[in-house]
Amino acid sequence: MDLLRLATAGSVDDGKSTLIGRLLYDSKSIFEDQMEAIETTSKNKGEESVNLALLTDGLRAEREQGITIDVAHRYFATPKRKFIIGDTPGHTQYTRNMVTGASTADLAIVLIDARNGIVEQSRRHAFIASLLRIPHIVVAINKMDLVDFDEEVFENIRQEFTEFATKLDVPDLTFIPMSALLGDNVVDRSANMNWYQGATLLHHLEELHIASDRNMVDVRLPVQYVIRPQTDAHHDYRGYAGTVAGGIMKVGDEVAALPSGLSTRIKSIEVAGKPVDEANPGTAVVVLLEDEIDISRGDMICRVNNQPEVTQDVEAMICWMADGSQLTEGSKLAIKHTTNWARTIVKDMRYRLNINTLHRDEAATSLKLNEIGRVRLRITKPIFADKYRRNRTTGSFILVDEHTNVTVGAGMIIDTE
Amino acid sequence: MKTKLSHVGALESEAIHIIREVAAEFERPALLFSGGKDSILCLELALRAFAPAPIPFPIMHVDTGHNFPEVIDFRDRVVERTGVKLIVASVQKAIDEGKVVEDTGINASRNRLQTTALLDAIEEHKFDALFGGARRDEEKARAKERVYSFRDEFGQWDPKGQRPELWNLYNGRHKPGEHMRIFPISNWTELDVWNYIKDQDLEIPDVYYAHKREVFQRDGMWLAKTPFINMAEGEETEERMVRFRTIGDATCTGAVDSPATTIDQVIEEVGATRITERGATRADDRTAEAAMEDRKKEGYF
Numbered sequence: 001m002d003l004l005r006l007a008t009a010g011s012v013d014d015g016k017s018t019l020i021g022r023l024l025y026d027s028k029s030i031f032e033d034q035m036e037a038i039e040t041t042s043k044n045k046g047e048e049s050v051n052l053a054l055l056t057d058g059l060r061a062e063r064e065q066g067i068t069i070d071v072a073h074r075y076f077a078t079p080k081r082k083f084i085i086g087d088t089p090g091h092t093q094y095t096r097n098m099v100t101g102a103s104t105a106d107l108a109i110v111l112i113d114a115r116n117g118i119v120e121q122s123r124r125h126a127f128i129a130s131l132l133r134i135p136h137i138v139v140a141i142n143k144m145d146l147v148d149f150d151e152e153v154f155e156n157i158r159q160e161f162t163e164f165a166t167k168l169d170v171p172d173l174t175f176i177p178m179s180a181l182l183g184d185n186v187v188d189r190s191a192n193m194n195w196y197q198g199a200t201l202l203h204h205l206e207e208l209h210i211a212s213d214r215n216m217v218d219v220r221l222p223v224q225y226v227i228r229p230q231t232d233a234h235h236d237y238r239g240y241a242g243t244v245a246g247g248i249m250k251v252g253d254e255v256a257a258l259p260s261g262l263s264t265r266i267k268s269i270e271v272a273g274k275p276v277d278e279a280n281p282g283t284a285v286v287v288l289l290e291d292e293i294d295i296s297r298g299d300m301i302c303r304v305n306n307q308p309e310v311t312q313d314v315e316a317m318i319c320w321m322a323d324g325s326q327l328t329e330g331s332k333l334a335i336k337h338t339t340n341w342a343r344t345i346v347k348d349m350r351y352r353l354n355i356n357t358l359h360r361d362e363a364a365t366s367l368k369l370n371e372i373g374r375v376r377l378r379i380t381k382p383i384f385a386d387k388y389r390r391n392r393t394t395g396s397f398i399l400v401d402e403h404t405n406v407t408v409g410a411g412m413i414i415d416t417e
Numbered sequence: 418m419k420t421k422l423s424h425v426g427a428l429e430s431e432a433i434h435i436i437r438e439v440a441a442e443f444e445r446p447a448l449l450f451s452g453g454k455d456s457i458l459c460l461e462l463a464l465r466a467f468a469p470a471p472i473p474f475p476i477m478h479v480d481t482g483h484n485f486p487e488v489i490d491f492r493d494r495v496v497e498r499t500g501v502k503l504i505v506a507s508v509q510k511a512i513d514e515g516k517v518v519e520d521t522g523i524n525a526s527r528n529r530l531q532t533t534a535l536l537d538a539i540e541e542h543k544f545d546a547l548f549g550g551a552r553r554d555e556e557k558a559r560a561k562e563r564v565y566s567f568r569d570e571f572g573q574w575d576p577k578g579q580r581p582e583l584w585n586l587y588n589g590r591h592k593p594g595e596h597m598r599i600f601p602i603s604n605w606t607e608l609d610v611w612n613y614i615k616d617q618d619l620e621i622p623d624v625y626y627a628h629k630r631e632v633f634q635r636d637g638m639w640l641a642k643t644p645f646i647n648m649a650e651g652e653e654t655e656e657r658m659v660r661f662r663t664i665g666d667a668t669c670t671g672a673v674d675s676p677a678t679t680i681d682q683v684i685e686e687v688g689a690t691r692i693t694e695r696g697a698t699r700a701d702d703r704t705a706e707a708a709m710e711d712r713k714k715e716g717y718f
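Protein chains in written order, with this note's numbering: chain A, 1 to 417; chain B, 418 to 718.
If we strip away everything but chain A, and leave its shape as in the complex, we get (with noise of 0.2 Å):
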């Protein structure tokens, strides 16, 4: 069984949290003692239907607002997966939380209401998802109940929505009509709409491909951490320890060690204190190396033929996300790239985006809260990086105000030259 993790954004007007709750109910994940605490929260508000969105909105804030702020975190499993769904508000002024929510994700569902189409914040959502490649989108075009399951709302949605994802990057996009609070089509297949032949969201989740959406191809081990017992019997261990970010690590390949270059095999990989003979994205692996070479915290291994840009330049997208200040060219930021500490000045500042239109401003001169826009970075020293869009790992940077230590932006590196 394999684990797909899933962000939803949008506000409670669009059936998110109807929709949420309805994966959670039907699949039996959601506990007696939590529908009786919203049940009861609902009735003592004066609310008709026992409100679902309680059950993601944790926070005394968000529960007397009625609003999601931050992202909520929610499981779920059928007997073909395991699911981790990143619940996370739609408003523009929680854009960073959408970010945070959508950065590890497989897939995002954005949630269109049938009876309003595509409006302003379903193109700001699915942008959102392809810019941080989020691989799969499913368009769930909901409350088909409220169009009289009408095919033709259906189409006119799917296809102008198709043509604005031309604009953007989006290697799978599936359109589901749906009824989340009647179920229709979301675990249990809709009587009302014949004229759909595509799976239901459920079943989409489940038989969905992702092994491969990881880059198998590049080999790429930041290495966080040098093991060396200094024991008796382990005397000349001395082990490499870091999560692989790229391709498959096999023992006996011959890999280099970045910055300083030198090359050596792979003398055998662990995980979790066990031999395996290779390891994949996403495994947390310690390899030992064929001779001893000089690596320490933030150096990278990686193929001899097959290696990142070593630079201090990069072109990237940044999502600001400071409530108190601005980037501007000339801002001084600590820059940590996987397990690279440095600091950074913004050179440049390309254009600021308008994640609505996607138009480009190149007339602007800073990126305020939860604005989108390219810059060209320096960095203190050399990092070891990849294109984003190669590489969700080696390809993404955090920003860090160094006098409250907050992280204040997300970089995704489009060039480093």
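Everything labelled a hint here was simulated from the structure, so no lab data went into it.
For every residue, glycine included, the Cβ atom is placed at its ideal position computed from N, Cα and C.
Some hints here could point you the wrong way.
Listed below are the simulated DSS-like cross-link pairs for lysine-lysine, each with C-alpha atoms no more than 27 Å apart in a straight line [what the hints assert, rightly or not]:
| no. | chain 1 | residue 1 | chain 2 | residue 2 |
| --- | --- | --- | --- | --- |
| 1 | A | Lys43 | B | Lys577 |
| 2 | B | Lys592 | A | Lys332 |
| 3 | B | Lys592 | A | Lys45 |
| 4 | B | Lys592 | B | Lys516 |
| 5 | B | Lys714 | A | Lys45 |
| 6 | A | Lys368 | B | Lys577 |
| 7 | A | Lys28 | B | Lys592 |
| 8 | B | Lys592 | A | Lys80 |
| 9 | A | Lys250 | A | Lys274 |
Negatives, chain B to chain A, calculated, CB over 12 Å [unchecked claim]:
| no. | residue |
| --- | --- |
| 10 | Leu462 |
| 11 | Ala468 |
| 12 | Asp480 |
| 13 | Pro486 |
| 14 | Asp493 |
| 15 | Val505 |
| 16 | Lys543 |
| 17 | Lys561 |
| 18 | Glu595 |
| 19 | Arg630 |
| 20 | Asp711 |
Using C-beta positions, here's what the derived DEER-type ranges look like [said to hold, decoys possible]:
| no. | chain 1 | residue 1 | chain 2 | residue 2 | range |
| --- | --- | --- | --- | --- | --- |
| 21 | A | Asp277 | B | Asp681 | 29 to 37 Å |
| 22 | A | Thr41 | B | Asp681 | 45 to 53 Å |
| 23 | A | Thr40 | B | Asp618 | 36 to 44 Å |
| 24 | B | Lys577 | A | Glu417 | 34 to 42 Å |
With chain A held as given, fit chain B onto it using these hints.
Only chain B this time, still in chain A's reference frame:
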């Protein structure tokens, strides 16, 4: 040879990555160890993260003094077997020193007093990172918490001002006096934990398996008769076959009726249950709708 990561393999790797990252970037981390299954899992993952080297940080038990003796025995055996360094932060000591005052009445519990003992120990040992075994499926406030959860110099959690947390790029930067709570098994469910305990043949305290015990009913929960608990008039004990789904302070951790004496039976029971583990067994979460959020803001685990 499998070419893809199973879901438990993915969770294991995620946790090990987090534990190594903390060991690399913090000066003085420690792992909170209660003897409960989640902290056993965290310790086991830490041992595996650094094998064959020992773990490069101590474990800390916040001891309310109201323990199940089986759990303390278990803790001491773990320390002997693994060679980890154990630090005990004592609630009894905080009471004796007059730093906290014990609740009285029948629902008296030292659960909340743990926060003071914990924060004092953090200050005394200058810990800058504390691993905890909290899981997001446990409780609605925990479902919102980051893996790296920032605490200010008062140990407070600010749920509305959490740092964005992206990819696997964790930001542990902080000023002196502030610290981070680290939750490596955030994404595990109760069932994931049990399956791992079974697959990896991990030892857990006996009280997790069904056994005969003197218990009495309060608020629909079975509480164990211990020397520490005050019984109200009319509350009577009886001997029942029970087991514990969580282990905490003996005065506020409820037992559940269960015939499950083996790990397979426990897993079957957990898979079929319709009540969350904290809902079934934790009196401390029942005091208010946002009880956990409020305690966490004060510095609780």
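Hint check:
1. Lys43/A with Lys577/B: 26 Å, holds
2. Lys592/B with Lys332/A: 19 Å, holds
3. Lys592/B with Lys45/A: Measuring from Cα to Cα gives roughly 42 Å; hence the hint is violated.
4. Lys592/B with Lys516/B: 26 Å, holds
5. Lys714/B with Lys45/A: 25 Å, holds
6. Lys368/A with Lys577/B: 19 Å, holds
7. Lys28/A with Lys592/B: 44 Å, violated
8. Lys592/B with Lys80/A: Roughly 45 Å separates the two Cα atoms, so the pair is violated.
9. Lys250/A with Lys274/A: Distance ~15 Å between lysine 250/A and lysine 274/A Cα, so the pair holds.
10. Leu462: 8 Å, violated
11. Ala468: Its Cβ does come within 12 Å of chain A, the nearest being 4 Å, so this is violated.
12. Asp480: Holds, since 29 Å exceeds 12 Å.
13. Pro486: 30 Å, holds
14. Asp493: Fine: 23 Å to the nearest Cβ keeps aspartate 493/B off the interface.
15. Val505: At about 27 Å from chain A, valine 505/B clears the 12 Å cut-off, so the statement holds.
16. Lys543: Label holds. Min Cβ-Cβ 18 Å, cutoff 12 Å.
17. Lys561: Incorrect as stated: the minimum Cβ-Cβ distance to chain A is 5 Å, not above 12 Å.
18. Glu595: The claim is violated: glutamate 595/B sits with its nearest Cβ about 8 Å from chain A, within 12 Å.
19. Arg630: 23 Å, holds
20. Asp711: It is violated; aspartate 711/B is separated from chain A by about 8 Å at its closest Cβ, not greater than 12 Å.
21. Asp277/A with Asp681/B: 29 to 37 Å: Holds, at about 31 Å.
22. Thr41/A with Asp681/B: 45 to 53 Å: Violated, since threonine 41/A and aspartate 681/B (Cβ atoms, about 37 Å apart) do not stay within the stated range.
23. Thr40/A with Asp618/B: 36 to 44 Å: 42 Å, holds
24. Lys577/B with Glu417/A: 34 to 42 Å: For lysine 577/B and glutamate 417/A the Cβ distance comes to about 41 Å; the hint holds.
This entry does not satisfy hints 3, 7, 8, 10, 11, 17, 18, 20 and 22, going by the numbered hints stated previously.
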